[in-house]
Every structure is written in C-alpha cells, then in structure tokens.
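Asks: Residue numbers (UniProt numbering), protein chains in the order written: chain A, 1 to 324; chain B, 1 to 324.
Treat each hint with caution, since some may be false.
[Unchecked claim] Straight-line Cα separation of at most 25 Å, DMTMM-like style, residue types lysine to aspartate or glutamate; simulated pairs:
1. A/LYS97 <-> B/ASP233
2. B/LYS48 <-> B/ASP65
3. B/LYS286 <-> B/GLU218
4. B/LYS286 <-> B/ASP90
5. A/LYS48 <-> A/ASP65
6. A/LYS178 <-> B/ASP90
7. A/LYS286 <-> B/GLU102
8. B/LYS178 <-> A/ASP65
9. A/LYS286 <-> A/GLU218
10. B/LYS97 <-> A/ASP104
11. B/LYS178 <-> A/ASP233
12. B/LYS178 <-> A/GLU102
13. B/LYS178 <-> B/ASP65
14. B/LYS178 <-> B/ASP127
15. A/LYS286 <-> A/ASP304
16. B/LYS97 <-> B/ASP130
17. A/LYS97 <-> B/ASP104
18. B/LYS286 <-> A/GLU102
19. A/LYS178 <-> B/ASP104
20. B/LYS286 <-> B/ASP127
21. A/LYS222 <-> A/ASP233
22. A/LYS178 <-> B/GLU102
23. B/LYS178 <-> A/GLU218
24. B/LYS222 <-> B/GLU102
25. A/LYS178 <-> B/ASP233
26. B/LYS97 <-> A/GLU102
No lab work stands behind these hints: they were computed from the structure. Here the structure is a predicted model, which is why all the values come from computation and not from measurement.
Number of protein chains: 2
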Amino acid sequence: MRLATIAGATPDGTLVVVSQDGSRMLAAGPDMPNLLGVMERWDAAQPKLADLARRLEAGEGEPLDSAALRAPLPRSWQWLDGSAFGTHGDLMQIAFKLPPIETDRPLMYQGLSDRFYGPTDPVPFPDPADGIDFEGEFGVIVDAVPMGTTPEEAMKHIRLVVQINDWSLRTIAPVEMKTGFGWVQAKPACSMAPFAVTPEALGDGWQNGRVCLDLAIEWNGKAFGHANGAAMDFGFHELVAHAARTRDLVAGTVIGSGTVSNPNYAEVGSSCISEVRAIEMIAEGKPSTAFMGYGDTIRMEAQDSDGFAPFGAIDQRVAEPAAR
Amino acid sequence: MRLATIAGATPDGTLVVVSQDGSRMLAAGPDMPNLLGVMERWDAAQPKLADLARRLEAGEGEPLDSAALRAPLPRSWQWLDGSAFGTHGDLMQIAFKLPPIETDRPLMYQGLSDRFYGPTDPVPFPDPADGIDFEGEFGVIVDAVPMGTTPEEAMKHIRLVVQINDWSLRTIAPVEMKTGFGWVQAKPACSMAPFAVTPEALGDGWQNGRVCLDLAIEWNGKAFGHANGAAMDFGFHELVAHAARTRDLVAGTVIGSGTVSNPNYAEVGSSCISEVRAIEMIAEGKPSTAFMGYGDTIRMEAQDSDGFAPFGAIDQRVAEPAAR
Chain A
1 MRLATIAGAT PDGTLVVVSQ DGSRMLAAGP DMPNLLGVME RWDAAQPKLA
51 DLARRLEAGE GEPLDSAALR APLPRSWQWL DGSAFGTHGD LMQIAFKLPP
101 IETDRPLMYQ GLSDRFYGPT DPVPFPDPAD GIDFEGEFGV IVDAVPMGTT
151 PEEAMKHIRL VVQINDWSLR TIAPVEMKTG FGWVQAKPAC SMAPFAVTPE
201 ALGDGWQNGR VCLDLAIEWN GKAFGHANGA AMDFGFHELV AHAARTRDLV
251 AGTVIGSGTV SNPNYAEVGS SCISEVRAIE MIAEGKPSTA FMGYGDTIRM
301 EAQDSDGFAP FGAIDQRVAE PAAR
Chain B
1 MRLATIAGAT PDGTLVVVSQ DGSRMLAAGP DMPNLLGVME RWDAAQPKLA
51 DLARRLEAGE GEPLDSAALR APLPRSWQWL DGSAFGTHGD LMQIAFKLPP
101 IETDRPLMYQ GLSDRFYGPT DPVPFPDPAD GIDFEGEFGV IVDAVPMGTT
151 PEEAMKHIRL VVQINDWSLR TIAPVEMKTG FGWVQAKPAC SMAPFAVTPE
201 ALGDGWQNGR VCLDLAIEWN GKAFGHANGA AMDFGFHELV AHAARTRDLV
251 AGTVIGSGTV SNPNYAEVGS SCISEVRAIE MIAEGKPSTA FMGYGDTIRM
301 EAQDSDGFAP FGAIDQRVAE PAAR
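Work out the full structure, taking the sequences as your base and the hints as a guide.
Replies: Quick look at the structure:
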C-alpha cells in the first residue's frame, strides 16, 4: 500500500491512496482526512485504506497529478533522526580528526518536524556560505509507541516507510556539535519523497528493519551515489526502541536512518556532499567538491533491481529566501 | 492577560481567559478553541481575548477549578530550549572538569513538544537510576517568526511567557552530550505552570526580554532555591532570533531559558539538583545530594516582590510508569 498527500484545506493536506503503478489515486475520504490523524488510529484505518488500494488495482480511481503531491506527512509532532550507517561516522571522524564518539548506543537527535517539504518544493536557504548539503536517507512513521517498548515490539509499530532529504548546513554543524547540544541552525526542514509505503509492500526491500534498496542520487543531473540502505548498524526497530526508552512516542513520530553510507563507497558513491569531502580530505589532504549553490538541483530515488521506485522521487532545487 | 487551558475534546484542550486574581475564567469560545490555534492568528485573536479579560475584571466569569488546569499549551510543533544562564554552565563545567564550550552564541537544543504535562500531573519515569531531576525555567511562546528575524523584531513576536519544569535524566545526559547529537533519552516531556501571561501583564517582571522574577522552588516541601530570571546572558528575543537564523519558526514555538541560575547561588540556591551536586563536587570533592525518587514532590512558583505568582504553581510528583 502506497499513501500520498495532496494539498488540502489545512497544513496537513488531504490523504490519498495511490495505485501500485503510481498513475491513479483515491481519496482516503472524510473520516481519514490526513495521514497524521490516520497514524493516531492506524489499526482502524488500515483495513479501509487497504480496501481502497484493492479498488485502485481493480481499475478505479482518478489520475494522479504528480505536481499536486506534497510530503506524505507534511508535518508531525516529532522527528528523531538517527545516524545508523557506521561508514559515514567513521569517514567524518577520520577526515576531521575527531575523537571517536564514545557510545555503543544509536546516535540520535531531535529535529524540526513542523514542516516537511514536498518532493518538488524549492527549498530556501538564507546563505550559501552556510555550506548547503543534502543527506539522502530513509525513515519510518510509527503509531503510538509506549515508553519502554522493546525492539521486537517496536517492529510492529513501524507502519510506514518514507524516503527523506535531511537538508544540512555544514559550516554550522561542527560548531553546534561541539556544544554537545546537537543541531538547531545546522538542520533546517527536511523534504520527503511523495509516497509513504507499508513495510509489507516493499517485499524484499524491507528486511530486518532495514530498507534494502539502492538510493540513487543525482546532483545537478549527474550521478552522485547509489548506496544501499541495508548497511545500518541498528535496524529501525532498534532506533524506535532507543527513542522510546524514556518517552512515549506520539503517533506520527518519524524516525530517520541518517545519511545512507556503504563501506564500498569508492564503488557506490555517497548520499551527501560532506561525506565526499571527507573522502577527499583523507585521500588528498583537502576537500575539492564545493557545497550547493542557489539553483542547484537534487534528485533522490530509491530503486529496486527492476528499477521500480516505491517512494517516488525527490527532485527539487536550492532557492534564495523569499523577499520579506 | 492570563490564559489557561482546561481539558477539552482534543489533546489541545479548551482555552480560557483567567481573571487577574486567578479565581474566575471565561472560555475563549468556539472561534478560539485552543491556544495553538490562537498563536496562528494572534493579531486577530488578541483583541477578543483582551475583551474577555476586561469582562472578567468587571466581575463576569465562572469559578476556576484549579484541578482542571492543564498546561496552557498542552502540545506544540516545536520546543527549543536554551541554556542562557552562564552561572549554571560554569558550575557544571568546573565540577565535571569539562572543556569550556567553544561558542559565543546561545546554547540551544530541540526537545520533545508533543506533550507538556499539566501543573499537577504526576510524571512517570522508567527508572530512578536514570537520575531524575527537575529544572526550573522560563519560556516564551511566539507567533510565526520568519527566517532571518533580528532580535529587535523577534521581541515583537514574543506573545506569551510561561514557566516550565524541564525534567531531566542526569545519568543519561552526559553520555548523550558527548556524542554531540544533543539529548533524546535525557530529556523527556516538560511540565508547564498553569497560566501563560502576556509580557505586558508582567509589568516590571518583564524587562529586556527577561523574566525578572524569583523562581521559588520547593523539593519535598523544603525550600530549594529562589534564583532570579533576570540573569540571562541572552534575552529571549536573542534566543528567538538565534532559533530563526535558518528556519521559519512555526506559530506556537516555545523557546526556553534553561535552568535559572544566579552568580550568588550560595545565597539564593539553585533551580535543579544537578547544579547543587556540582557545587558540592567543587566544594567537597563529591556530591552529597541524591536525585529524586518515586513519590518525591516538586513545587515551582515565580513570585514578584508582593508574593504574587503570575504563572501559578507547578506542584507535582515523580511517579512510577503505568503498568503495561
């Protein structure tokens, strides 16, 4: 089952179910107006949504206007982003001569969740000198998770999988990281690919709480990376349990994987510019790839071996801030 | 003007205006059902709320049932907590032999905002071994703040002032801080005192973007501290501008001061146990005050020189988690 959100009367938009081939949609209807509300009563909503999905495969539905697609979850009460790909952390540590991070637990910070940009929204940044960078990653959306939930139980609360561009400002990030307080200015709003997908619908693409798909990334139309999501040190179920150790997770919480990164990065590339610069620093003593500028475009699309893209594509550009 | 929230049909509760003496209330009404919605259109709502406040002072209204009071803002899209009292940071740094935090900018992290406990809610924690601690502080609620807003402009967006208990788990905090990612497990949900107050209504208690009131704290019925909020290194307007450097702040964003702390702590006490333990470590080589246990109570009430408490009191206890 694939869900999407089109513009609606409120910032939460209007929930639609999308056909497997992405060509048609059916509105979820007035008792399921938006995805945030559906997450609050997933068990009751799921059968109704599945019925709409069946009707779509039987030929019902109206044409899907891809230009109307917003983030499947345009805003949520909570966004907790992990950093679960060890290769990425190792490269950053070596390049910046940082001490090893002293923890055997998942790395995680809380970020901005009042807005997720849609897949084709231009994204405004105040200043290219801040080091504008993308981070291609995966995420999951959970229903309500009680405090103290185990990883095994947490797996059952993972209701939807999404694909995310975690926009990052690299000049600010190390300054904020040194404080120990985590990132505020260095992590503006993220973007989401258009379709939220149930784990079951990913088939072999969902194994052991990991999205086992290549994340194809093109920067300004040029291939940049196609690292695979299977290489997480912790599965999403373990990230969810980590987040729920001392808090109830509100329904609609989004948990992120961190930037997708593979040990064979020389072969498959990376999912953010910062990692490429770290590789350059290690090999050549200094980075040679610049960060993004106004007008730059970024495309991200996870694909299976048949070239099918279950989440659709993020395809957007860096914009100047709106005049005030 | 003082606003409060009583239980309602949704998690956002029902907004009421409260008389200056705290004895009576008038519902804000169906076009202003809750505070989160009011923050989204403050300029239109403010005159209507002010009119209700005037009617209350003229004797209208119904009795206020203090037991029905929830957090004035029971949930919000964003909570960004500063650490603006330099004395607190200095004491922690000396006691734990930490390197100085290398920044001349405000310290800030993003925390859990999907739930603010009400002033008398028992607060469940999974394990007293986590080092359960309170942090008495102040906060402000802003309407929509555009990216790039200056401190001077930010002052105008501060619509309400609140009093907060930022619950903290001290065994986890340094472990998470060392990662540079900030706190997730160490910072569960906060609590709010019952009344959100306009800056104007604080009179001399609001100066230069600071709450110039003593925050009286009693732990298990015993006086613990009465530090003054005026000692912030950065005013709230500067914290708001810092937060808005690279993001639009959504209406209803809550910005916190961090635990109130004064240079003359030997005289006025502290606003969290951790700081008292740091003072003990510096003076005696080791801490002698234990953290909180199940059943412990905490009362926090900012007071002016006449003993008036504009925000009302937080008065709650540490609870075991609900059986699952």
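Asks: Enumerate the violated hints, using their earlier numbering and listing them in ascending order.
Replies: Hints 1, 8, 13, 15, 21, 23 and 24 contradicted; others consistent.
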